[in-house]
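Q: With chain E's structure known, arrange chain R on it following the hints.
Here the protein sequences line up with chains E and R, keeping their order. Residue numbers for the first sequence follow numbering that gives the first Met the number 0, so the first one is 0 and each next one is one higher. Residue numbers for the second sequence follow numbering that gives the first Met the number 0, so the first one is 0 and each next one is one higher.
Each hint should be verified, as a subset may be incorrect.
Computed beta-carbon distance windows for the label pairs [claimed, not checked]: (1) E:Phe12 <-> R:Asn48: 19 to 25 Å; (2) R:Val92 <-> E:Val8: 40 to 46 Å; (3) E:Ile25 <-> R:Met35: 24 to 30 Å; (4) E:Thr11 <-> R:Thr109: 39 to 45 Å.
These are computed hints drawn from the structure, not numbers from a lab. Built from N, CA and C at the ideal position, the CB exists for glycine as well.
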Amino acid sequence: MCIEPCRDVVCTFWSILNQGPMTLTITLHTLIVLPMVWIYFDEKKKMERGDIPTE
Amino acid sequence: MEKVSVWSSNRFWRRSATWVTGVSAVLLILLTFDSMAQMKMGTAADLKNKVDKRIPSPTVINYKIDYQLSRARGHEVPIIGGMDANGKSKYEVKEKFFGRDNYSEEEARTLIHKGKLTIQAKNCMDCHTFLGNGAYYAPDLTKAWLDPTWETLAPAYGGKEYAIAAFLQNPPAMAMHERKMPNLGITKDEAKAVVAYLKFMSAIDTNGFPRNFGKIKGAVNAWK
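With the rest of the complex left out, here is chain E:
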């Protein structure tokens, strides 16, 4: 089975999420790193267009 049943004393969203290091890692990367990738390409596009004045 892919998703193990929650083993915590009091089951919450977070304890289900924290089944092991992998689930938490994937979630945090989705939340934090993926938007940063988007920010990177957004900034690149703006710089290439010359929208950003040089500092």
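A: For chain R alone, coordinates are given in the frame of chain E:
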């Protein structure tokens, strides 16, 4: 097209930092609420309805408390009122505490509160730790109720709660360690309340802290 370097752009790093800080702040706030929910004390009804709580109702002193390895969770967990086939608490087996196993929630709460006040007044944390907090001179008391030493002494005192209470009222007389606990002038009523607090605390699910309690020679069972 002009060749640009995003990595050396201040704007990129500023936006990234803002994003990471913002997400982390929201995450921490959500986790705080989660911790508060996890730490909410259970009620007598929870024990009756066999609902697992990290911190059980004070009426847990009416039940037998054990500390068993949970294969599913990978560490030891408090077992309240007997263990079922799945290694979980049954909340059935009662145990007399100073001759009674029918303390009401109000009575048990008052007793444990008095125990807490005594523990604070006598500065137990000057030497001991509770739930990992305190000084490292004397043993951690989180699971002191489950120390096998008390089982050894129980028959002579008519129960382990009586043995612990007798020890607390005059520790030098029952010294069992080179670092002798001094006599702190704990009265009979205070000792009973402290024992109630210790029993209650041993039923708190601490994610296996302290690990292997009762199994390491020297750490407990000093008389053997």
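Q: Each hint needs a verdict: does it hold in this structure or not?
A: Here is what the structure says about each hint:
1. E:Phe12 <-> R:Asn48: 19 to 25 Å: holds (23 Å)
2. R:Val92 <-> E:Val8: 40 to 46 Å: Distance hint for Val92 of chain R, Val8 of chain E is violated at roughly 20 Å.
3. E:Ile25 <-> R:Met35: 24 to 30 Å: 26 Å Cβ-Cβ, so the 24 to 30 Å window holds.
4. E:Thr11 <-> R:Thr109: 39 to 45 Å: Distance hint for Thr11 of chain E, Thr109 of chain R is violated at roughly 31 Å.
Taken one by one, the earlier hints fail for this structure at numbers 2 and 4, listed in ascending order.
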